[in-house]
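Going down the list, the sequences are from chains A and B.
Numbering (our numbering) for the first sequence: 1 to 201.
Numbering (our numbering) for the second sequence: 1 to 201.
A couple of the hints might just be wrong.
Same chains, same label: a pair holds when it works inside one copy or across any pair of copies.
What the hints assert, rightly or not - Computed list of lysine-lysine pairs in DSSO-like fashion (alpha-carbon distance at most 27 Å, straight line): (1) K125 with K68; (2) K125 with K23; (3) K68 with K103; (4) K125 with K103; (5) K23 with K68; (6) K23 with K103.
What the hints contain is simulated information worked out from the structure, not anything from laboratory work.
There are 2 protein chains.
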Amino acid sequence: MLLPEPIRRLIDALSRLPGIGPKTASRLTFHLLRADGGLSAELSTALANLRTGTATCQLCFNITTAGKELCPVCANADRDRSLICVVEEPLDVLALERTGGYKGLYHVLGGALSPIEGIGPDDLKIADLLTRVRAGGVQEVIVGTNPSMEGDATAMYLQQQLAPLGARLTRLARGLPMGGDLEYADQNTLLRALAGRQSMS
Amino acid sequence: MLLPEPIRRLIDALSRLPGIGPKTASRLTFHLLRADGGLSAELSTALANLRTGTATCQLCFNITTAGKELCPVCANADRDRSLICVVEEPLDVLALERTGGYKGLYHVLGGALSPIEGIGPDDLKIADLLTRVRAGGVQEVIVGTNPSMEGDATAMYLQQQLAPLGARLTRLARGLPMGGDLEYADQNTLLRALAGRQSMS
Chain A
1 MLLPEPIRRL IDALSRLPGI GPKTASRLTF HLLRADGGLS AELSTALANL
51 RTGTATCQLC FNITTAGKEL CPVCANADRD RSLICVVEEP LDVLALERTG
101 GYKGLYHVLG GALSPIEGIG PDDLKIADLL TRVRAGGVQE VIVGTNPSME
151 GDATAMYLQQ QLAPLGARLT RLARGLPMGG DLEYADQNTL LRALAGRQSM
201 S
Chain B
1 MLLPEPIRRL IDALSRLPGI GPKTASRLTF HLLRADGGLS AELSTALANL
51 RTGTATCQLC FNITTAGKEL CPVCANADRD RSLICVVEEP LDVLALERTG
101 GYKGLYHVLG GALSPIEGIG PDDLKIADLL TRVRAGGVQE VIVGTNPSME
151 GDATAMYLQQ QLAPLGARLT RLARGLPMGG DLEYADQNTL LRALAGRQSM
201 S
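Required output: the full structure, derived from the provided sequences and hints.
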């Protein structure tokens with residue numbers, strides 16, 4: 001009632017973003033009102049261009065620039081095409097690329113299996129992964145789903161589906177994070193680290 | 001490099017918002033990519049309309065709808081015009097209005113005095129406040145600046161300026177917050193609560 005409609009409208013829209021409640025949304029809105037007009041204009045344009053300017057890679061389903069069939073990784077002739085790392089989201093590709101330690105291709109599932117949220121195998125790009133592996137030339141599939149219930153369920157399902165196809169199947173190691181402290185590690189991480197202990201000799 | 005330009009552009013713009021770092025910005029961007037297109041379109045339009053759709057109240061400098069001279073509070077004939085509560089930001093007006101316990105008018109300074117950030121009296125709507133009080137009819141000015149260093153400095157400055165004008169000058173009480181716990185109250189709050197203790201008899 002008290003707030004002008006354009007302000008209420010922006011607060012409502014911002015509140016629909018994950019992790020942003022009504023209080024943060026109004027703080028952001030009033031910041032934009034106070035800040036120079038450039039920021040809200042830039043945000044408005046960037047949002048309008050977000051979907052028209054992007055596309056999905058036809059091979060790995062990573063995000064790419066509109067009009068391109070392949071993402072920069074798939075289009076790069078130097079990448080090892082015999083290696084596919086299966087991840088849930090494009091952000092996971094970014095995280096792995098940032099390490100600079102992976103030279104293979106990716107496959108972005110678009111999520112993880114979750115009976116609770118009603119996400120089944122057909123909602124993910126699993127059939128496309130099987131097609132890629134069946135096409136041949138793939139020596140190893142690294143399952144890089146998250147170390148969560150859903151990620152584990154997805155990894156098990158992928159194992160069942162990929163086992164008959166002959167490619168080697170591996171999963172990212174789980175254990176204590178670097179720089180972590182045994183004292184503060186949660187029980188499950190510690191159990192994993194114990195179960196996955198490696199010979200030092 | 002790896003991210004398409006429209007995505008990088010939105011991440012950059014979102015990162016310029018207060019409290020939103022590069023990680024949150026990319027999480028929000030990828031959420032918008034995954035979510036139905038309606039949300040990013042709605043956000044884009046709301047941002048574009050934010051400044052064109054709003055104006056500043058010519059009396060109290062609160063925010064109002066474009067084309068209106070006064071904000072809903074100043075335009076309301078039922079409000080007590082002998083009472084002015086001075087606050088830093090429009091959000092403070094909202095907070096006080098939500099209590100339903102204040103029936104006077106407001107005066108929005110647009111910030112607080114801060115030598116560190118280079119904000120002096122001329123950067124705030126202090127001269128306009130003095131003009132309002134000098135015009136007569138104001139019995140009491142309630143200083144509602146924040147209980148912070150800057151808010152305190154502003155309150156002291158206002159006291160100096162307003163003292164000769166005859167209106168009663170008060171300040172919002174400081175002490176223990178309701179529902180708070182003595183054990184967890186910070187030292188300064190506790191000192192204020194002690195100094196401001198009230199007779200129970």
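Going through the hints against the structure:
no., hint, verdict
1, K125 with K68, "within (19 Å within a copy, 53 Å between copies)"
2, K125 with K23, "between (37 Å within a copy, 25 Å between copies)"
3, K68 with K103, "within (21 Å within a copy, 61 Å between copies)"
4, K125 with K103, "within (22 Å within a copy, 59 Å between copies)"
5, K23 with K68, "between (40 Å within a copy, 26 Å between copies)"
6, K23 with K103, "between (43 Å within a copy, 24 Å between copies)"
In terms of the numbered hints stated before, the structure departs from none.
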